[in-house]
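Let the sequences and hints guide you as you build the complete structure.
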Amino acid sequence: MATEVAGTAVEIPLDDPTALAAVSLIWREAHLLDSRRYKEWDGLWAEGGEYVVPIDREATDFADRLNLVYDDDRMRRMRIERLTGGFSISAAAAARTVRTVSRFVETGREEDAIELCSAQVLVGYKREETFVLAADVTHRIVSGPDGPRIARKIVRLVNSEDAVTASGFLL
Numbered sequence: 008m009a010t011e012v013a014g015t016a017v018e019i020p021l022d023d024p025t026a027l028a029a030v031s032l033i034w035r036e037a038h039l040l041d042s043r044r045y046k047e048w049d050g051l052w053a054e055g056g057e058y059v060v061p062i063d064r065e066a067t068d069f070a071d072r073l074n075l076v077y078d079d080d081r082m083r084r085m086r087i088e089r090l091t092g093g094f095s096i097s098a099a100a101a102a103r104t105v106r107t108v109s110r111f112v113e114t115g116r117e118e119d120a121i122e123l124c125s126a127q128v129l130v131g132y133k134r135e136e137t138f139v140l141a142a143d144v145t146h147r148i149v150s151g152p153d154g155p156r157i158a159r160k161i162v163r164l165v166n167s168e169d170a171v172t173a174s175g176f177l178l
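All the letters of the sequence shown, read from the start, carry residue numbers 8 to 178 under this note's numbering.
Source of the hints: derived by calculation from the structure; they are not laboratory data.
The C-beta atom is built at its ideal place from N, Cα and C for all residues, glycine as well.
Hints may contain errors.
Stated by the list, open to error - Here are the simulated distance ranges between beta carbons:
| no. | residue 1 | residue 2 | range |
| --- | --- | --- | --- |
| 1 | 132 | 25 | 31 to 37 Å |
| 2 | 135 | 71 | 38 to 44 Å |
| 3 | 141 | 80 | 26 to 32 Å |
What follows is the structure, given as structure tokens:
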């Protein structure tokens with residue numbers, strides 16, 4: 008694993024417990040999402056966590072932009088309810104997914120938080136169709152008494168400006 012320091016890649020030590028805990032949390036998140044265990048996934052989040060899927064890949068001020076997803080705790084839980092409640096089309100015809108998350112790069116660190124960027128390739132299957140989505144993902148992971156938690160997740164789809172179809176899953 009590498010970290011960006013003034014534009015230069017620097018290896019993240021494999022014995023760095025903060026980085027390893029963050030990567031492990033991100034891999035667990037991918038597993039829970041692929042398993043459609045959305046309520047358990049919600050338990051990975053820190054209070055006040057933000058889940059963002061921007062349309063503009065270069066955006067940094069998400070509150071002032073149109074986004075595909077811009078969820079706080081309340082909105083994230085409402086989205087989970089729609090996906091698990093059985094009353095929406097996305098719940099009735101949910102896609103099966105397999106995620107691969109790799110290419111972890113540390114982009115920031117504070118005393119109680121680490122920010123990692125990674126690549127995500129999601130292969131989905133729905134209604135006899137297979138599709139592939141790719142994204143650059145940024146996770147801000149905070150450490151707390153209950154272990155690491157997701158404080159922010161930004162999913163920058165490579166095709167974010169293309170037409171959006173109902174996904175029936177979380178990115």
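The hints, checked one at a time:
1. 132 with 25: 31 to 37 Å: holds (36 Å)
2. 135 with 71: 38 to 44 Å: holds (40 Å)
3. 141 with 80: 26 to 32 Å: Between residue 141 and residue 80, where Cβ atoms are some 28 Å apart, the hint holds.
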